[in-house]
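Below are the chains, spelled out letter by letter.
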Amino acid sequence: MMIKQIPYKEFHRLLLNQGLRVAIGPFNVCVQTAYAPLAEQLYKLYCHYRLVQDEIAEFHVRIVTERLYKNPFRQNVRFLLDGQSPFNSFPPEQALAVLEWGINLAIAVRVNHLLILHSAVVEKNGHAILFPAWPGSGKTTLCTVLCYRGFRLLSDEFGLMDPRRRLFLPIPRLMPLKNESIAVIRSYLPEIVMGQSIPNTQKGTVAHVRPPEQSLLQSEHTAKAKWIIFPKWIAGSPAKIEAISDSEAFMLLASNAFNYEVLGATGFMAVADLIRSCDCYKLVYSDFDNVMDVLHKLINEA
Amino acid sequence: MRPDLPPHCQTLLQGLINPARLIDYSDSHWELLIRLARRVKLLGRLAFLVKEHGFWNQLPPRIASQLSSGLVQAEKLQQLNRWELNRILWALNDFDTSIIVLKGVAYGLAQIPYAAGRLSVDLDLLVPKADLADIESLLMVKGWRHLPLSAYDEHYYRVWSHEIPPLIHAERETEVDIHHTLIPVTSRLKIDTKLLFDAAIPVKDTTISVLSPVDMVIHCAVNLFQNNEIANDLRDLLDLHDLLVFFSMQEIDFWIRLTDRANQLKLARIVYYGLYFSQSIFKTPVPEEIYNRLHARPGRLNMWLMHRLVPLALFPQHPDKPALSALLARLLLYLRSHMIRMPFYILLPHLFYKTVRKLQFKKQK
Numbered sequence: 003m004m005i006k007q008i009p010y011k012e013f014h015r016l017l018l019n020q021g022l023r024v025a026i027g028p029f030n031v032c033v034q035t036a037y038a039p040l041a042e043q044l045y046k047l048y049c050h051y052r053l054v055q056d057e058i059a060e061f062h063v064r065i066v067t068e069r070l071y072k073n074p075f076r077q078n079v080r081f082l083l084d085g086q087s088p089f090n091s092f093p094p095e096q097a098l099a100v101l102e103w104g105i106n107l108a109i110a111v112r113v114n115h116l117l118i119l120h121s122a123v124v125e126k127n128g129h130a131i132l133f134p135a136w137p138g139s140g141k142t143t144l145c146t147v148l149c150y151r152g153f154r155l156l157s158d159e160f161g162l163m164d165p166r167r168r169l170f171l172p173i174p175r176l177m178p179l180k181n182e183s184i185a186v187i188r189s190y191l192p193e194i195v196m197g198q199s200i201p202n203t204q205k206g207t208v209a210h211v212r213p214p215e216q217s218l219l220q221s222e223h224t225a226k227a228k229w230i231i232f233p234k235w236i237a238g239s240p241a242k243i244e245a246i247s248d249s250e251a252f253m254l255l256a257s258n259a260f261n262y263e264v265l266g267a268t269g270f271m272a273v274a275d276l277i278r279s280c281d282c283y284k285l286v287y288s289d290f291d292n293v294m295d296v297l298h299k300l301i302n303e304a
Numbered sequence: 002m003r004p005d006l007p008p009h010c011q012t013l014l015q016g017l018i019n020p021a022r023l024i025d026y027s028d029s030h031w032e033l034l035i036r037l038a039r040r041v042k043l044l045g046r047l048a049f050l051v052k053e054h055g056f057w058n059q060l061p062p063r064i065a066s067q068l069s070s071g072l073v074q075a076e077k078l079q080q081l082n083r084w085e086l087n088r089i090l091w092a093l094n095d096f097d098t099s100i101i102v103l104k105g106v107a108y109g110l111a112q113i114p115y116a117a118g119r120l121s122v123d124l125d126l127l128v129p130k131a132d133l134a135d136i137e138s139l140l141m142v143k144g145w146r147h148l149p150l151s152a153y154d155e156h157y158y159r160v161w162s163h164e165i166p167p168l169i170h171a172e173r174e175t176e177v178d179i180h181h182t183l184i185p186v187t188s189r190l191k192i193d194t195k196l197l198f199d200a201a202i203p204v205k206d207t208t209i210s211v212l213s214p215v216d217m218v219i220h221c222a223v224n225l226f227q228n229n230e231i232a233n234d235l236r237d238l239l240d241l242h243d244l245l246v247f248f249s250m251q252e253i254d255f256w257i258r259l260t261d262r263a264n265q266l267k268l269a270r271i272v273y274y275g276l277y278f279s280q281s282i283f284k285t286p287v288p289e290e291i292y293n294r295l296h297a298r299p300g301r302l303n304m305w306l307m308h309r310l311v312p313l314a315l316f317p318q319h320p321d322k323p324a325l326s327a328l329l330a331r332l333l334l335y336l337r338s339h340m341i342r343m344p345f346y347i348l349l350p351h352l353f354y355k356t357v358r359k360l361q362f363k364k365q366k
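Read top to bottom, the protein sequences are chains H and F. If you read the first sequence in our numbering, its first letter stands for residue 3, the second for the next number, and so on. If you read the second sequence in our numbering, its first letter stands for residue 2, the second for the next number, and so on.
Just so you know, these hints were derived from the structure itself, not from any lab. Among these hints, one or two may not hold up.
Claimed, not checked - Beta-carbon label-pair distances, calculated as ranges: (1) P201(H) - D154(F): 34 to 40 Å; (2) G266(H) - L325(F): 42 to 48 Å; (3) P344(F) - D164(H): 53 to 59 Å; (4) D56(H) - A324(F): 42 to 48 Å; (5) S257(H) - V122(F): 39 to 45 Å; (6) H129(H) - S326(F): 53 to 59 Å; (7) R167(H) - D154(F): 47 to 53 Å; (8) Q112(F) - D164(H): 20 to 26 Å; (9) R294(F) - G266(H): 43 to 49 Å; (10) D289(H) - T356(F): 56 to 62 Å; (11) V204(F) - D164(H): 34 to 40 Å; (12) L18(H) - V204(F): 36 to 42 Å.
Stated by the list, open to error - 30 Å max Cα-Cα, derived BS3-like pairs, lysine-lysine: (13) K228(H) - K46(H); (14) K126(H) - K228(H); (15) K355(F) - K322(F); (16) K126(H) - K6(H); (17) K359(F) - K205(H); (18) K130(F) - K267(F); (19) K130(F) - K143(F); (20) K191(F) - K355(F); (21) K355(F) - K72(H); (22) K52(F) - K130(F); (23) K226(H) - K77(F); (24) K322(F) - K11(H); (25) K72(H) - K322(F); (26) K284(H) - K180(H); (27) K72(H) - K359(F).
Beta carbons: idealized from backbone N, C-alpha and C, even for Gly.
Start from the sequences, fold in the hints, and give me the full structure.
So this is what it looks like as structure tokens:
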């Protein structure tokens with residue numbers, strides 16, 4: 003059952019009491035909060051996610067409010083994972099960003115049965131395309147455009163790979179656009195649903211894009227990767243794609259993964275095999291129409 | 002006498018001492034068990050037990066993946082610790098000293114059962130006090146450094162503690178704790194470390210040693226009941242149980258030698274607590290008459306209190322419903338641990354300083 007199929011009252015009651023259990027890719031997350039503004043945002047942005055009330059949840063997270071002792075008239079929100087607080091408290095308007103950030107952290111530090119690359123992943127014609135993160139890549143922005151223009155979203159953040167079957171697992175999450183990207187996407191994709199802009203977070207202003215319903219419906223369909231494309235956004239630059247060597251791609255990918263080191267030999271074999279089976283490119287772009295042409299050309303030639 | 006444990010503690014304890022029963026655990030029991038085991042660093046251990054009992058393939062898939070994640074992490078940390086030890090030995094290659102490896106890495110070297118599933122975060126070493134300054138400066142020359150400490154913490158380590166401030170190599174992340182004795186200098190208890198070095202067992206094909214079996218057991222008890230605050234230390238009590246079971250099977254007169262050594266080192270009281278709680282919680286087969294061989298034992302009132310407080314602190318709190326009684330037990334044991342570690346004239350300013358710092362820290366947040 004999808005979240006939008008239950009009334010808001012029921013949704014709110016679950017968040018308040020035993021917790022709302024929601025499937026996020028291969029994981030089930032149990033979310034609790036008594037902070038009503040967060041519940042309203044979640045109901046809107048999580049509406050296409052699947053409810054899983056009777057399954058085991060891997061992550062138990064909570065957003066609690068607390069009074070500041072130096073200013074008892076103000077409240078802050080705090081993220082709890084299994085009752086433990088991994089970071090500071092934040093102003094209440096950042097609740098959604100803190101929750102999303104906390105869930106990412108929980109996945110990144112606890113999951114070692116899968117290899118977690120730091121990469122956006124989309125799928126086209128049954129093949130996964132990786133867009134690994136590197137500074138200035140704008141991978142979330144690019145990923146948002148692609149998944150609302152005919153590609154299926156697997157993730158904007160985690161390249162979640164089963165190291166034995168060499169498959170990528172979808173883990174579609176809200177996509178946090180930052181700063182200038184927010185206005186850019188609002189004008190390029192006026193139809194999409196986005197949360198309110200949250201100013202002054204650690205990463206500047208953030209607004210969360212609701213992932214496409216189609217991508218969430220297919221979030222159990224794994225895919226093998228065929229292309230690894232390292233994107234870079236450069237103002238005014240025409241879209242240009244250029245092959246890079248396997249060794250360079252390997253170093254870029256492995257040195258920027260979440261748990262590559264922890265997995266040891268398993269991680270090395272998986273990344274080596276992945277690079278061997280993929281074509282690797284660097285991509286420079288500024289215009290979305292432009293970049294889409296380049297990608298379609300690449301895909302259709304294959 | 003078995004302490005009365007709340008239901009969630011029973012879920013964890015039964016999983017640890019009766020792993021065969023895990024096969025009957027419902028999904029919701031498993032979910033809770035994983036959360037509790039993770040909290041007290043026992044996920045890797047649980048994974049090991051399931052594999053040993055041969056029902057890994059019958060686990061709910063979401064449980065199997067979490068256990069395997071825990072095991073991968075434990076194995077990685079052990080590898081990092083062994084590599085750090087390798088680097089330390091390389092750095093000290095030309096320096097003639099004796100190094101005793103302690104805790105997790107030592108359990109692996111001594112081939113204690115289940116050592117492979119243990120989550121060991123740091124590398125702990127014991128060196129002769131006379132060599133400490135040389136070892137520290139040699140390591141600093143070869144790239145290890147101290148994390149920045151406040152002047153107070155620096156003083157705490159240098160003057161009152163049984164170890165120097167932790168060292169970390171610039172290129173790696175493993176913390177190295179170098180001890181010169183096993184109990185803080187400020188405690189009333191003193192250990193003649195020469196006795197430990199004399200009895201230490203060399204590790205085959207290396208220049209390092211591990212503590213002798215009885216000393217290893219005593220150190221484990223000392224850490225738990227003298228040096229630490231007991232909160233969430235169930236893993237350490239399980240270490241003690243593992244050591245007792247393993248060594249008592251290997252050596253016929255182990256219990257006699259253990260009690261003799263405890264008396265000789267004047268640590269009989271601490272060993273009494275260790276034996277008592279290991280037996281009452283994990284059913285360690287401690288022979289009844291052995292307790293009487295210990296020259297010092299806790300008084301009745303003390304025992305009555307500890308019997309009620311220790312299990313409440315050792316076991317993790319229920320992650321969704323923390324109990325006030327367990328919070329209180331933890332607070333009392335926290336105070337106890339400080340009172341037995343330092344005399345009042347140090348303790349009061351110390352607790353004051355820590356409280357002020359905690360408040361300042363909160364304010365910054």
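Okay, the hints, checked on the actual structure:
{"no.": "1", "hint": "P201(H) - D154(F): 34 to 40 Å", "verdict": "38 Å, holds"}
{"no.": "2", "hint": "G266(H) - L325(F): 42 to 48 Å", "verdict": "43 Å, holds"}
{"no.": "3", "hint": "P344(F) - D164(H): 53 to 59 Å", "verdict": "58 Å, holds"}
{"no.": "4", "hint": "D56(H) - A324(F): 42 to 48 Å", "verdict": "27 Å, violated"}
{"no.": "5", "hint": "S257(H) - V122(F): 39 to 45 Å", "verdict": "24 Å, violated"}
{"no.": "6", "hint": "H129(H) - S326(F): 53 to 59 Å", "verdict": "57 Å, holds"}
{"no.": "7", "hint": "R167(H) - D154(F): 47 to 53 Å", "verdict": "49 Å, holds"}
{"no.": "8", "hint": "Q112(F) - D164(H): 20 to 26 Å", "verdict": "34 Å, violated"}
{"no.": "9", "hint": "R294(F) - G266(H): 43 to 49 Å", "verdict": "47 Å, holds"}
{"no.": "10", "hint": "D289(H) - T356(F): 56 to 62 Å", "verdict": "58 Å, holds"}
{"no.": "11", "hint": "V204(F) - D164(H): 34 to 40 Å", "verdict": "39 Å, holds"}
{"no.": "12", "hint": "L18(H) - V204(F): 36 to 42 Å", "verdict": "56 Å, violated"}
{"no.": "13", "hint": "K228(H) - K46(H)", "verdict": "34 Å, violated"}
{"no.": "14", "hint": "K126(H) - K228(H)", "verdict": "10 Å, holds"}
{"no.": "15", "hint": "K355(F) - K322(F)", "verdict": "27 Å, holds"}
{"no.": "16", "hint": "K126(H) - K6(H)", "verdict": "27 Å, holds"}
{"no.": "17", "hint": "K359(F) - K205(H)", "verdict": "27 Å, holds"}
{"no.": "18", "hint": "K130(F) - K267(F)", "verdict": "20 Å, holds"}
{"no.": "19", "hint": "K130(F) - K143(F)", "verdict": "20 Å, holds"}
{"no.": "20", "hint": "K191(F) - K355(F)", "verdict": "25 Å, holds"}
{"no.": "21", "hint": "K355(F) - K72(H)", "verdict": "20 Å, holds"}
{"no.": "22", "hint": "K52(F) - K130(F)", "verdict": "43 Å, violated"}
{"no.": "23", "hint": "K226(H) - K77(F)", "verdict": "27 Å, holds"}
{"no.": "24", "hint": "K322(F) - K11(H)", "verdict": "24 Å, holds"}
{"no.": "25", "hint": "K72(H) - K322(F)", "verdict": "28 Å, holds"}
{"no.": "26", "hint": "K284(H) - K180(H)", "verdict": "23 Å, holds"}
{"no.": "27", "hint": "K72(H) - K359(F)", "verdict": "14 Å, holds"}
Hint violations for this structure: numbers 4, 5, 8, 12, 13, 22, all remaining hints satisfied.
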